Amino acid sequence: MAETKEKSLSDEKPKPRVRPIVRLGIFLISHSFHVSVVCCTAGVLALFLLPVLAKNTYISENALMPGSASPMLSNQHVSDGNRLVKDLTNPNSKSSETGIESHKIIAQYMLDLGAEVSFHKFHPQMNQFHPLHFFSSPDSGKIQENYSCSSYGINTVGIIRAPHGDGKEAIVLVTPYNALKSGFGEALSLGIAYSVFSLLTQVTWLAKDIIWLVADSQYGEYAAVAAWLREYQTPKFSSLSTPNAEMCPDVNNLFELKGHSISGSKFSNSFRRAGTMASALVLKVRDQNEQFEDTISIYAEASNGQMPNLDLINVVNYLAVHRQGLRVNVEKLWSLLNSSWLKSLGEIFESLAKVAKSLYPKWKFGIPATEYVEGTATLASSLYYQALGVPTGPHGAFRDYQVDAITLEISPKFSLDKVWRNDILLRGGRLIEGVIRSVNNLLEKFHQSFFLYLLTSPSKFVSVGVYMIAFALLIAPLPMVAASLYVDANSSSNCSKGDSSTPSAITDTDEHSIAIRSWRWLNSAKLVFIVHLWGAIVSLLPYFISQIPDCSPTTSFMIWVLLSILSLLTLNSVLASPLACAKATQEKEWALVKSVTISSVFIGLGLMSVINFATAEIGALLMVPMCLLAQPLKLDVRAGTLRSFCRMICNLVLGHIAFPPAAFFLLKGMLDGFGNANVGDFWMWVESLWAWNSATYLFIVEVTYIFSHG
Amino acid sequence: MVLLQRPHILLLLIGTHQFLQCWIAFGSVNEEGQKQAEFSEELLLKPLPDHKLLAHFHFQSSGPPSTSNGCHHHLFPKAISQLVQKFRIKEMELSFTKGRWNYESWGGFDPLSSSNAKPPGVELWAVFDVPQHHIDASWKNLTHTLSGLFCASINFLESTATYSTPEWSFPPASGNVRYGTLPCEAVCTENLTPWLKLLPCRDKAGIALLLDRPSLYRGFYHSQQLHLTSTGSSSEGIDSGIILEQTLTVVLQPNSEMAIEVHASEKHIQPSWSLSSIFGKQVSGRCVLAKPSSVYLLLDRGLSAANGLTSENFWSNPSFELSANPDRIFLEESSSHSKSLSILYMFQVEKYCESEPFDIGLMWKVPVAWLCQQTPLHASRFLMGSGNERAAIAISLKSTQFTEGFMSANSKDGSCELRVDVFQVVPWYVKVYFHSLRVFVDQQPRAVSDIIEKIHVSPSKDKMSPGVMEVVLKLPCRVNTAALTIEFDKGFLRIDEYLPDANQGFDIPSAIISFPNFHASMVFLEDDSLNKSPLLSKFQEKCPVMSYTEVLLVPLTTPDFSMPYNVITITCTVFALYFGSVLNVLQRSVAEEERFLKAKAAKKTGRLPLLLSKLSAKLRGRRLEPLHSPPSSSSFINSKLVLKVILVAGLAVGWQYFFS
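From first to last, the protein sequence lines are chains A and B. For the first sequence, the residue numbers in numbering that gives the first Met the number 0 are 0 to 709. For the second sequence, the residue numbers in numbering that gives the first Met the number 0 are 0 to 659.
If you are wondering where the hints come from, they were derived from the structure by calculation, not from laboratory data. Hints should not be assumed to be uniformly reliable.
[Unchecked claim] In silico EDC-like links for lysine to aspartate or glutamate, alpha-carbon gap of 16 angstroms or less:
hint: 1; chain 1: A; residue 1: K235; chain 2: B; residue 2: D135
hint: 2; chain 1: A; residue 1: K235; chain 2: B; residue 2: D441
hint: 3; chain 1: B; residue 1: K139; chain 2: B; residue 2: D128
In this text, all values refer to a predicted model and were calculated from it rather than measured experimentally.
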């Protein structure tokens, strides 16, 4: 066989050499099946290798100089903070129903320090589910007409002006506080913030103003901070129709602060500002904790997977670990910690690394299996929260205004004696002081270090250059498969035509048919477009459904399902009917449809990876195998071999898994057990998501469905 | 030799003595005829409501007209007079400021704050007495000269994109004004030392002895100014020479450790201070060249009212105690709109000497609280919006209840209006849309034409000139809040136009808010000795109340500054690929190649390639197409090579593994 080929080769007129890059392309396309299998496996493997490849963090910006100055927070300040904690936890202060008393106490304490104090009243504004507002910047929000006096929150804001500074920049310290039902933890966080604040009124090194925001968290921490930020960044000067909070009698009580006649000009009921915000810290103390160590948790994910600059996390981590002796952790997916397959995978990696190290002592990429498991759990949660796009704390509100912010949650080992409380106040306070001092040292805003990264532990990260490799490997087969499918579809029809007609007859008519055939993909593009349109409609529907008043989550979900089926039928009958008959005539059309779908998915994933990597990665994990395996069910059934049967099963399973409700239930079931899953939950979940997140899933799922059933 | 020298020295001594006597006599003679070079040093201390102390140094030297004694000066600094002569400066003011003036607690209505509260950084304005088309050239030269003179980067004001020409809103209103600011200029001792060099006694004697650098720069506000007025122009008849006013305003925190120690009821007592405790130094006599050399202690209206001081009982004040007896006490001339009066205690430094240095202290006995007189409207400015594309500047004016008395006094003639002038300069990369100007009065949007009486706008030109906006607002007197917003686009800069710390952001200089209806002046009861004090006569001048807003920091999009490197590498790669393929095409001869290929195909009979091709053909099954033959044939050679490499590497790995 090979000899005949050789002969034919030698007989043939030798073709001119094709350029190597073209040759490579042709080679890859012709071997698309093997290439795609290899690439996908490599992509998944690379994803699991990421914890191994993680680098140690380092402080990139030299000006930060964390911990170079010895902390100035002394026991004097700690006792000041303790005094505030005592006053706040005092039952007398809670007598008032609206919790105004404790706000007054806080304001009085701030005034005594010589800070400028103001109250900010806000009406809680729920984060509305609006799919069209995804790319628009945060605006000043809609004014709702029916505000009542009973529902408002009060943020207490204290500002220290830097004595030598020019007031162009400010650092924000946020402590959420619910005056109505405050736990001891919240009071303690206020105590820490107050002790730092009282120190900062005395220091001379301050170059940026300090804003201490006591956010009223009775309507949620995020809402309070977001309301304050909205007022800070995009204030409304005209208040025509809204009933002002000033009209409410309770609020007016607020301004009758006693004893501020001395430094009276420091208090004002108008909104006070400092300069451009350089960074923000949200401080929380957890109420109860069963761990044996004082730990501090860092939450960094903001909306849409945005992360603060890595330097900010580095500074906190460095100061907490090396100066204050606190244990730092970032969020993990706890369920992954105990999984045995991950452990064994980690052991495999470890042993591989051992072998490599014995071969060449400088290859030190291995990490212990336990560390690997932890790193993977952290990475998974990092990916999950970034993909979800819902901020993990009030710091998310700052990121919407390009301010780097993180939430620090201190969970102390629990005991009630005074020594312990002083210790927490001192260490927490010194940590905050150190971070503020570092940020204060900054001449420029955070820009040196990474913005695109995934954390695998507080001191290890995977940078964008590394994790993109896994993603690129995963989506690399898509264009190849698309090209090969297209070529196949074209050539197969060409062959069938060539058989029927004699070679001599192929003249200019063939040219014409080639021209027609080369435009045939437009048909399938039309089909794909219609399905995408339907996906978009389905994803927009929840917004309109949410406008329906008095709807329980379950019923609205049902309405959603019904409406989407209805819209599918309508679209099918109106737009896709000519296409359906065309499909009936051409059985082989599916290959073209698949190729168009795959290329559109490739473009979509590529774009998404720029916007939000984590979403793109998870999406690719689900969609790439689905796209590659998709095959009409009829064909599979007709073929009847074992291979096609397997493929069919895979298709069906994947198609169901990737359908968002199914995926949600599976995840929820894995995490919580299947018992408490509810259809309404899914509605809530969707409501908390941005619209496009589900849209991407929907359209591809439906494309597969059409294949399967058509 | 020694004997011989002595008479010479004696003679020299006698000669100088005589010369000195002559000079003094000459001076006294000259005083009757023409103005003589004069120098005065004054220090004004003023307690501030928030436990701080304001110290205002005022040095004034006046140079005689240049025609009278050529280019020689006895007292007046030569550098300044040369500057004035060369650039024909009519009036000039240069200020170096660090820190912010706190208008809310330090006041803004009195002449002291109105003329000494300056924006952070450097501010320079000058009025020239040259034809219009020469002004810009003079300004450029002036900035360079001042930059050398004061060790500051004032020369950055040279480019036309940094300075502006206010038309009418700027107080010394005339067409020849140039105005420029450098908000991010850092001010330190290096700027103070040349400033001190202009004083005849430097800081070696007199009041300037108090200028102890560490304590000065520890303060909360530090503003060092140089104000030049000259009428020395040949075109006009009157020639009164040059007046150079050097002022230094500092706000300091007296050491209040004692106050903290005392128990809570006395926590609000003002800290006691003395000159030596603030500055760490005492005044040991006056600078011999200074004519009036005096120290004042000013208790402003609010404070004297809080003390219960009136024109009757100000001699016996119960609330505080002075460590030195004042030489004179001045009372402010009572005006219609306020009952309380400022009180000025004067101390003459002449009486003190080295052995008995001058030191004044103030001991508070009871806690006193008062408020300084504030500007009619408190102005603050901030940025609105987020993102890298657009934003808005907002100037919000808030009524300070304090001046309602004035307003009602002014509103006697029916329609009461409050005039506010706003002068705002924006750099060119902040592209302001002037049509987006919006005015809100008392939280109601108002038509621009209703509120704005007069507006002058000169739009910015890219890299050429900044945008200038001058607005006259007519607000109703009872206004509570007013706000002006104007939107802008954030411009893109070329990579070499970014400042060194580009990621910090870019500054928008302070806006000037002035109230032309209100005049800050403090007229003290007429006294002939008063006319001699330049400081007090300056207080009596009627100057409009002015306040500066905050400096704003606009974050602009900054490129990754390693970008040029990336661009260079990418461009080089693209060029290399391009030229490589072009050369390839140019050199290729098709016929030659075909013959070569044929020869090669005929020659190819190796055993291993044959085997491998068999193998691969089996592996790939029937899907063998003629199109793929060239790549497959090349891949055979590759795979052979690869196989060899893998074999060798595997051997090496195995060897390493088993023998280590």
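Are any of the numbered hints broken by this structure? If so, which, sorted upward? Hint 1 is the one this structure does not satisfy, whereas the remaining hints hold.
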